[in-house]
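2 protein chains.
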Amino acid sequence: MRIAVVAPSSRFDDWREVAERVEAIAARTHPGVEIYFHPQCGLADHHFAGTDAERAAALVEVANDAALDAVWFARGGYGSNRIAERALAAFGPAARDKAWLGYSDAGFLLAGLYRAGFANVAHGPMPRDAVRDGGEAAVERALDWLVARSPAALEPGLEPGRPHAAFNLTVLGMLLGTPLEPDLSDHILLIEEVSEHLYAIDRALFHLAANPAIRRVAGIRLGRVGDILPNDPAFGGDARTVVRGWCERYGIPYLGDADIGHDSANKVVPFGPG
Amino acid sequence: MRIAVVAPSSRFDDWREVAERVEAIAARTHPGVEIYFHPQCGLADHHFAGTDAERAAALVEVANDAALDAVWFARGGYGSNRIAERALAAFGPAARDKAWLGYSDAGFLLAGLYRAGFANVAHGPMPRDAVRDGGEAAVERALDWLVARSPAALEPGLEPGRPHAAFNLTVLGMLLGTPLEPDLSDHILLIEEVSEHLYAIDRALFHLAANPAIRRVAGIRLGRVGDILPNDPAFGGDARTVVRGWCERYGIPYLGDADIGHDSANKVVPFGPG
Numbered sequence: 001m002r003i004a005v006v007a008p009s010s011r012f013d014d015w016r017e018v019a020e021r022v023e024a025i026a027a028r029t030h031p032g033v034e035i036y037f038h039p040q041c042g043l044a045d046h047h048f049a050g051t052d053a054e055r056a057a058a059l060v061e062v063a064n065d066a067a068l069d070a071v072w073f074a075r076g077g078y079g080s081n082r083i084a085e086r087a088l089a090a091f092g093p094a095a096r097d098k099a100w101l102g103y104s105d106a107g108f109l110l111a112g113l114y115r116a117g118f119a120n121v122a123h124g125p126m127p128r129d130a131v132r133d134g135g136e137a138a139v140e141r142a143l144d145w146l147v148a149r150s151p152a153a154l155e156p157g158l159e160p161g162r163p164h165a166a167f168n169l170t171v172l173g174m175l176l177g178t179p180l181e182p183d184l185s186d187h188i189l190l191i192e193e194v195s196e197h198l199y200a201i202d203r204a205l206f207h208l209a210a211n212p213a214i215r216r217v218a219g220i221r222l223g224r225v226g227d228i229l230p231n232d233p234a235f236g237g238d239a240r241t242v243v244r245g246w247c248e249r250y251g252i253p254y255l256g257d258a259d260i261g262h263d264s265a266n267k268v269v270p271f272g273p274g
Numbered sequence: 001m002r003i004a005v006v007a008p009s010s011r012f013d014d015w016r017e018v019a020e021r022v023e024a025i026a027a028r029t030h031p032g033v034e035i036y037f038h039p040q041c042g043l044a045d046h047h048f049a050g051t052d053a054e055r056a057a058a059l060v061e062v063a064n065d066a067a068l069d070a071v072w073f074a075r076g077g078y079g080s081n082r083i084a085e086r087a088l089a090a091f092g093p094a095a096r097d098k099a100w101l102g103y104s105d106a107g108f109l110l111a112g113l114y115r116a117g118f119a120n121v122a123h124g125p126m127p128r129d130a131v132r133d134g135g136e137a138a139v140e141r142a143l144d145w146l147v148a149r150s151p152a153a154l155e156p157g158l159e160p161g162r163p164h165a166a167f168n169l170t171v172l173g174m175l176l177g178t179p180l181e182p183d184l185s186d187h188i189l190l191i192e193e194v195s196e197h198l199y200a201i202d203r204a205l206f207h208l209a210a211n212p213a214i215r216r217v218a219g220i221r222l223g224r225v226g227d228i229l230p231n232d233p234a235f236g237g238d239a240r241t242v243v244r245g246w247c248e249r250y251g252i253p254y255l256g257d258a259d260i261g262h263d264s265a266n267k268v269v270p271f272g273p274g
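From first to last, the protein sequence lines stand for chains H and E.
Everything in the first sequence is counted per the working numbering, starting at 1 for the first residue and increasing by one.
Everything in the second sequence is counted per the working numbering, starting at 1 for the first residue and increasing by one.
Errors might be hidden in some of the hints.
What the hints assert, rightly or not - Output of the computed footprint for chain H on chain E, the stretches with three or more beta carbons under 8 Å from beta carbons of chain H: (1) 184 to 191; (2) 206 to 220; (3) 224 to 234.
I should point out that these hints are in silico values taken from the structure, not numbers from a laboratory.
All C-beta atoms in this analysis are idealised placements derived from N, C-alpha and C, irrespective of residue type, glycine included.
Bound conformation, chain H alone:
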């Protein structure tokens, strides 16, 4: 089993340290699994891990390499939306056989892949989670899913046979109406957020809940909303009341908490019926 790591968004300055940690975890927990950190991980172009062309080329290369079994997005940040459409258009049949895993900004790619009908797309931990507190467990969990589709890696509330999808709230909002937007009708939608003001979270929920495409979901579950930025004056309520409020207003069932977030406890959510 060979898993490729590419960095489609922000620069990955600590990629060597991350690679060492991830390879050590893999050697201990999944012997025989090879993790291939594509050299693009070491590129930098201002904010990004290389130019758009460099990031897209690496992504297309690993997608189309039949000797690789999975593509694991290295980290979040910002930028995969800049290459997603053109890269996906260059994917051949070998790309469909792979597993794909990431979250946060990588949601732009997860969305496009799922829209294109890829069967093994999941929201879950990324290599750079290795440097978080407790990140070793996150990396092991990701590998459990990538290597063996281990049920223990999954978000515990997933309902067998029902389609799910999971996104960072802001990323999902920014891809609505674009060529990356998947059809989420009848899906249980899990969302999480980090480092935003509550007023911006409220506004992003309006954007979601007032969109007819999102109103067709079977329901919304709320993951962790971490590092909320200050609101002056106090916004009133919290992320949960905000989400419940918009769900009620637009008739979307609110289905409770979800065990996902920008943290090392982040569980795996395969897209589709699982």
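Please arrange chain E on chain H, whose structure you already have, making use of the hints.
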């Protein structure tokens, strides 16, 4: 001539000071014009200038009062999206005879009004601009448009006979796909932004430019992008290169600068063919 001021979004704690300044400017530059600050301006509910119900009630009241000639949104902040749809649904015929002016968060209402076919909707200075440096000129300019549709108040690059619209970038992004989104086909679209990171501006431009509805505009002009928050590492380029880049990528004509922004030089942009 009577102009009503309501505050559909953030609380308006300095409303008395603003009202004094605006009334003094009106008395000097437009004698005989009465500015009516609705008592709702003084309400506060956490972040907002009163509860959703209170803000909506004030907005509907002034909209339907045939003795008022214009509704002028007091300030930006956040929150008009929370009441726009329900308030607009309660507007009667008297609302259509009025002029409507604001910008920033008020763009949610401008959008909904324009979508509903209101003829006198414009993006331009608000009462609270009176407390900005040079804000007196902004207030006078707004009154020039509200009272007399003065051509000198208009953004100087507007093309006679061609339809225009103007929005804060983030506000426009957040209303795409919602019941507030107007048809901007063949419009010259002016955008401005304030207090965002360049990466977030880039992401918001992707969201706009990749949306088929926005790709139908006649072109985009960029107003001022003020108080850009730090990007670490440097994003590369600036707001203009970001907007030009996305316009090129999605085949939207980039038509140059626009004289709008979160500042006292902000000019008036009537929606539609003007």
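Now for the hints, and whether the structure bears them out:
no., hint, in the structure
1, 184 to 191, "violated (count 0)"
2, 206 to 220, "holds (count 6)"
3, 224 to 234, "holds (count 3)"
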